[in-house]
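Each protein sequence line maps, in turn, to chains A and B. So for the first sequence, full-length UniProt numbering puts the first residue at 1; every next one is plus one. So for the second sequence, full-length UniProt numbering puts the first residue at 1; every next one is plus one.
Hints are not guaranteed to be accurate.
Note: identical chains are not told apart, hence a pair may lie in one copy or across any two.
Said to hold, decoys possible - In silico DSS-like links for lysine-lysine, alpha-carbon gap of 25 Å or less:
1) LYS128 / LYS166
2) LYS15 / LYS128
3) LYS124 / LYS166
4) LYS24 / LYS165
5) LYS203 / LYS166
6) LYS203 / LYS165
7) LYS124 / LYS203
8) LYS133 / LYS203
9) LYS15 / LYS166
10) LYS124 / LYS24
11) LYS15 / LYS133
12) LYS203 / LYS24
13) LYS166 / LYS24
Hints were generated in silico from the structure; no laboratory data involved.
2 protein chains.
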Amino acid sequence: MEWTERQQRIVEIVKDSGSITGEKIAAMLNLTRATLRPDLTVLTMSGVLVARPRVGYSYREDLGPSPIMERMLQLRVCAFKSMPVTVLEDASIYEATVAMFTQNVGSLTVVGTDRVLLGMISRKDIMKASLGKIDLQQVPVGVIMTRMPNIYMTTLDEPVLSAAKKLVQHQVDSLPVVEGYVDESGNECYEVVGRFTKTNVTKLFVEIAETR
Amino acid sequence: MEWTERQQRIVEIVKDSGSITGEKIAAMLNLTRATLRPDLTVLTMSGVLVARPRVGYSYREDLGPSPIMERMLQLRVCAFKSMPVTVLEDASIYEATVAMFTQNVGSLTVVGTDRVLLGMISRKDIMKASLGKIDLQQVPVGVIMTRMPNIYMTTLDEPVLSAAKKLVQHQVDSLPVVEGYVDESGNECYEVVGRFTKTNVTKLFVEIAETR
Chain A
1 MEWTERQQRI
11 VEIVKDSGSI
21 TGEKIAAMLN
31 LTRATLRPDL
41 TVLTMSGVLV
51 ARPRVGYSYR
61 EDLGPSPIME
71 RMLQLRVCAF
81 KSMPVTVLED
91 ASIYEATVAM
101 FTQNVGSLTV
111 VGTDRVLLGM
121 ISRKDIMKAS
131 LGKIDLQQVP
141 VGVIMTRMPN
151 IYMTTLDEPV
161 LSAAKKLVQH
171 QVDSLPVVEG
181 YVDESGNECY
191 EVVGRFTKTN
201 VTKLFVEIAE
211 TR
Chain B
1 MEWTERQQRI
11 VEIVKDSGSI
21 TGEKIAAMLN
31 LTRATLRPDL
41 TVLTMSGVLV
51 ARPRVGYSYR
61 EDLGPSPIME
71 RMLQLRVCAF
81 KSMPVTVLED
91 ASIYEATVAM
101 FTQNVGSLTV
111 VGTDRVLLGM
121 ISRKDIMKAS
131 LGKIDLQQVP
141 VGVIMTRMPN
151 IYMTTLDEPV
161 LSAAKKLVQH
171 QVDSLPVVEG
181 YVDESGNECY
191 EVVGRFTKTN
201 VTKLFVEIAE
211 TR
């Protein structure tokens, strides 16, 4: 966000004073409270300043660490994940599409024996396929899925914050939740035990914001 | 989440004592610290208890209101929305699909003259269309879009929390951000000025959790 020169001066004044009323800021800038109101609204709405009744405005970085933040940082994926929705590699794209509708999910994990993660298929993959001239009833999902090891994953004990960062950084809507192990042949395997999505994060955001 | 009897007793003990160390809880239950560890881990990971170094465990509801919560409740959609990605009603489904790929979005707002909101088209709508036998290059988006007034919307000054609740409750990935007005014929119109998505909420969650 870009700030006007006046907005930057307001932020400096608030930073210097710890907390200060709108009237006092106006006085310091030789402006009326009414002239200042739009600036204070923009700064509050974007979270740069925090307005509190009777106390006035304070700068967000001065809020300091809080118990609610500590709680947020301790939350783990295991408590907020959803059930996995899986499909076999040789299912047709048509079958996968129907599964997405009936289960109301935006992506499926493609698994082999023992629920071992093979790949992921998303609405985006299916849309891409339908742009081409391929027969959705004949072509198996294995042909169009994103295949391991090109899958971003999370685990039951990963902090929710770090899993949410993966969703943002890698621009994916969903991460498979996996438990890793080494099979008899010495291969690294990942059993799918859940999924963690932007929907889970949005629900958690609402839940936290309403805890008061 | 379902709690075992022992976990419920732990929560009661922590509630009664304000904050208490793991050792003391173990002593009160006549158990070793090691036996108790898995229960304390589950209760902490799910956010019921908060663990703090040297202080011990406390119950989440005892955290009370905090400045960071006040800040979260003041955030408005205007500061966190994305740019709208729009398409005209007579564009083909094929063109809309290509636009979703090139703009990397999960849905498009369908607009008329003056960017007036007519409807929304999502990846889900396009997947449904491709299951049928329709020609994506011939059929216009107007045929398959979700049409006004069946669209959930948000506004620039709506609190982020309430917009996030709409996403969760109505199970949609995206809300058009609109400015309402009444046109010359007396019709209520909504000009599309942005979009607010689960991605915006996920980014905000990460940003807030990292503000320390």
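Verification of the supplied hints:
Proximity of LYS128 to LYS166 under the C-alpha cut-off of 25 Å is restricted to the intra-copy arrangement: shortest distance 23 Å within a copy versus 29 Å between copies. Proximity of LYS15 and LYS128 under a CA criterion of 25 Å is satisfied in neither setting, with 50 Å inside one chain copy and 53 Å between copies. Proximity of LYS124 and LYS166 under a CA criterion of 25 Å is satisfied in both settings, with 18 Å inside one chain copy and 24 Å between copies. In this assembly of identical chains, the alpha carbons of LYS24 and LYS165 never lie at most 25 Å apart, being 40 Å within a copy and 36 Å across copies at closest.
Proximity of LYS203 to LYS166 under the C-alpha cut-off of 25 Å is found in both arrangements, the shortest distances being 17 Å within a copy and 10 Å between copies. For a Cα distance limit of 25 Å, the shortest separation of LYS203 from LYS165 qualifies both inside one copy, at 16 Å, and across copies, at 8 Å. Taking the shortest Cα distances, LYS124 and LYS203 sit within 25 Å of each other both inside one copy (23 Å) and across copies (21 Å). Proximity of LYS133 and LYS203 under a CA criterion of 25 Å is satisfied in neither setting, with 38 Å inside one chain copy and 37 Å between copies.
Proximity of LYS15 and LYS166 under a CA criterion of 25 Å is satisfied in neither setting, with 33 Å inside one chain copy and 35 Å between copies. In this assembly of identical chains, LYS124 and LYS24 lie within 25 Å of each other by CA distance neither inside one copy nor across copies; the values are 53 Å within and 53 Å between. Taking the closest pair of Cα atoms, LYS15 and LYS133 never come within 25 Å of each other, the shortest separation being 61 Å inside a single copy and 62 Å across copies. Taking the shortest Cα distances, LYS203 and LYS24 never come within 25 Å of each other, neither inside one copy (39 Å) nor across copies (34 Å).
Proximity of LYS166 and LYS24 under a CA criterion of 25 Å is satisfied in neither setting, with 43 Å inside one chain copy and 38 Å between copies.
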